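Engineer: Chains A and B, in that order, give the protein sequences. Residue numbers for the first sequence follow my numbering, beginning at 1 and rising by one. Residue numbers for the second sequence follow my numbering, beginning at 70 and rising by one.
Check each hint, because a few of them may be wrong.
[What the hints assert, rightly or not] One-sided excerpt, in silico: chain B residues whose CB lies under 7 Å from chain A:
#1 L147
#2 Y164
#3 C271
#4 G279
#5 F299
#6 W301
#7 V304
#8 V314
[Claimed, not checked] Taking lysine-lysine pairs in the DSS-like style, the calculated list, with each CA pair at most 25 Å apart, reads:
#9 B/K165 to B/K175
#10 A/K2 to B/K165
#11 B/K202 to A/K5
#12 B/K202 to B/K175
[As the list claims (entries may be wrong)] Anything over 12 Å on all C-beta distances counts as not near chain B; from chain A, calculated:
#13 M1
#14 K2
#15 Y3
#16 V4
#17 K5
#18 A6
#19 G8
#20 V9
Don't read these hints as lab results, they were simulated from the structure. It should be emphasised that the depicted structure is a prediction, and the values quoted were computed from it without experimental measurement. We treat Cβ as the ideally placed atom computed from N, Cα and C, and that holds for glycine.
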Amino acid sequence: MKYVKAFGVFWWNFIVGDDWTVAAGVALALALVWVLNDYGVNAWWLLPLAVALLTGISVWRAAGQSEEA
Amino acid sequence: MHTATILVGLGAFLACAVEMVEALTIVLGVGTVRGWRSVLIGVGAAAVVLAVLTGALGPALQEIPIDDLRLLVGGLLLVFGLQWLRKAILRSSGYKPLHDVDEAFKRERAEAEAAGGERRAGLDWYSFTVAFKGVLLEGLEVVFIVITFGSAQGRLDVAIVGAVVALVVVVVAGVLARGPLQRVPENTIKFAVGLLLTSFGCFWGAEGAGADWPGDELSLLALIAFLSGFSWLLVRTLRHRRLAVRPAEASA
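Based on the provided sequences and hints, a complete structural model is requested.
Structural biologist: Written out as structure tokens, the structure is:
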């Protein structure tokens, strides 16, 4: 069990890293593009905007944490 | 050759180059202190594991229907690439220390000198495990990028060639320099890789979710330009913020 957990933790850190909210935001944005496409909206513009927003929030928060440390 | 295919080769080349510079630093640090035999066996063992992973997962991924594959790969690349991009922005704005090859080499040498001399299977176990783990962990990122880039574009061959050329260049440069490659602009390359991974992730993710990009593959260049400009803006804003919080660093 210990090895399974370590394996899972390794891949989580490898793919997701130290800010899970970015991964959650990306998943939500992809789902929105999918849903909008189903309603006939070509939402190619949504992902770049989501990426910019998620990156901005994430680095701003990381900078704040670094200043507090 | 298509724009996206050229960028796939370039991305694999840059990612492999920067990761192999880090692996080379570890290998040289241990090898110059403790001898080369066990180190090179460790490097070889890691290379075999990485080659098997690429050989097994690459063709397997290409069996998935292209839209599903692009959604999966796009999502993974976006999450993975945003890690690279976030770190690059924080490094460039001074919120995260730059990776110092010389410092890493010295640290590796000091640890190699202090380590015990345990032998297993006729090998200096410390040298073997450090070289194996170093090359495997740095190489895993390369394998991930090569497989995702190559399979989503349907050009695994181009991605593999890009990575192998980078590997050869770094190893030859390391042999010629007889030391760690301090002059490689590692942090700039990491920024470029982060931008490429994130741009491809956006492009394939949206395509996989059913969207059509205006201009098709040419929109990749627009995406790279947009994300580069936005990242530059973030770096500038964060630098101002840091200097406002710690004005003493402005004159440093």
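Engineer: Measuring from the C-beta of B/F299 to each C-beta in chain A, is the shortest one below 7 Å?
Structural biologist: 5 Å, holds
Engineer: Has the given pair, A/K2 with B/K165, been kept, meaning a C-alpha gap of at most 25 Å?
Structural biologist: Between A/K2 and B/K165 the Cα gap is close to 32 Å, so the pair fails against 25 Å, i.e. violated.
Engineer: Checking hints one by one. Is B/W301 an interface residue toward chain A, by the C-beta closer than 7 Å rule?
Structural biologist: Since chain A brings no Cβ nearer than about 12 Å to B/W301, farther than 7 Å, the hint is violated.
Engineer: For the hint on B/L147, just tell me whether its beta-carbon gets within less than 7 Å of chain A.
Structural biologist: 5 Å, holds
Engineer: Does the CB of B/C271 sit less than 7 Å away from some CB of chain A?
Structural biologist: Hint holds; B/C271 Cβ to chain A Cβ min 5 Å, cut 7 Å.
Engineer: Say whether it holds or is violated: A/M1 keeps its Cβ farther than 12 Å from all Cβ of chain B.
Structural biologist: Holds, since 23 Å exceeds 12 Å.
Engineer: Against chain B, does A/K2 keep a CB gap of more than 12 Å to every residue?
Structural biologist: 19 Å, holds
Engineer: Minimum Cβ separation between A/Y3 and chain B greater than 12 Å?
Structural biologist: 16 Å, holds
Engineer: CA of B/K165 to CA of B/K175, is that 25 Å or under?
Structural biologist: 20 Å, holds
Engineer: Closest CB-CB distance from A/K5 to chain B, is it above 12 Å?
Structural biologist: Given a closest Cβ separation of 19 Å, the condition holds.
Engineer: Hey, does the B/V314 contact hint survive, CB to chain A under 7 Å?
Structural biologist: 5 Å, holds
Engineer: Should the label of A/V9 as a non-interface residue stand, given a Cβ cut-off of 12 Å to chain B?
Structural biologist: The claim stands: A/V9 keeps its Cβ more than 12 Å from every Cβ of chain B (closest is about 14 Å).
Checked against the numbered hints above, the structure breaks hints 6, 7, 10 and satisfies the rest.
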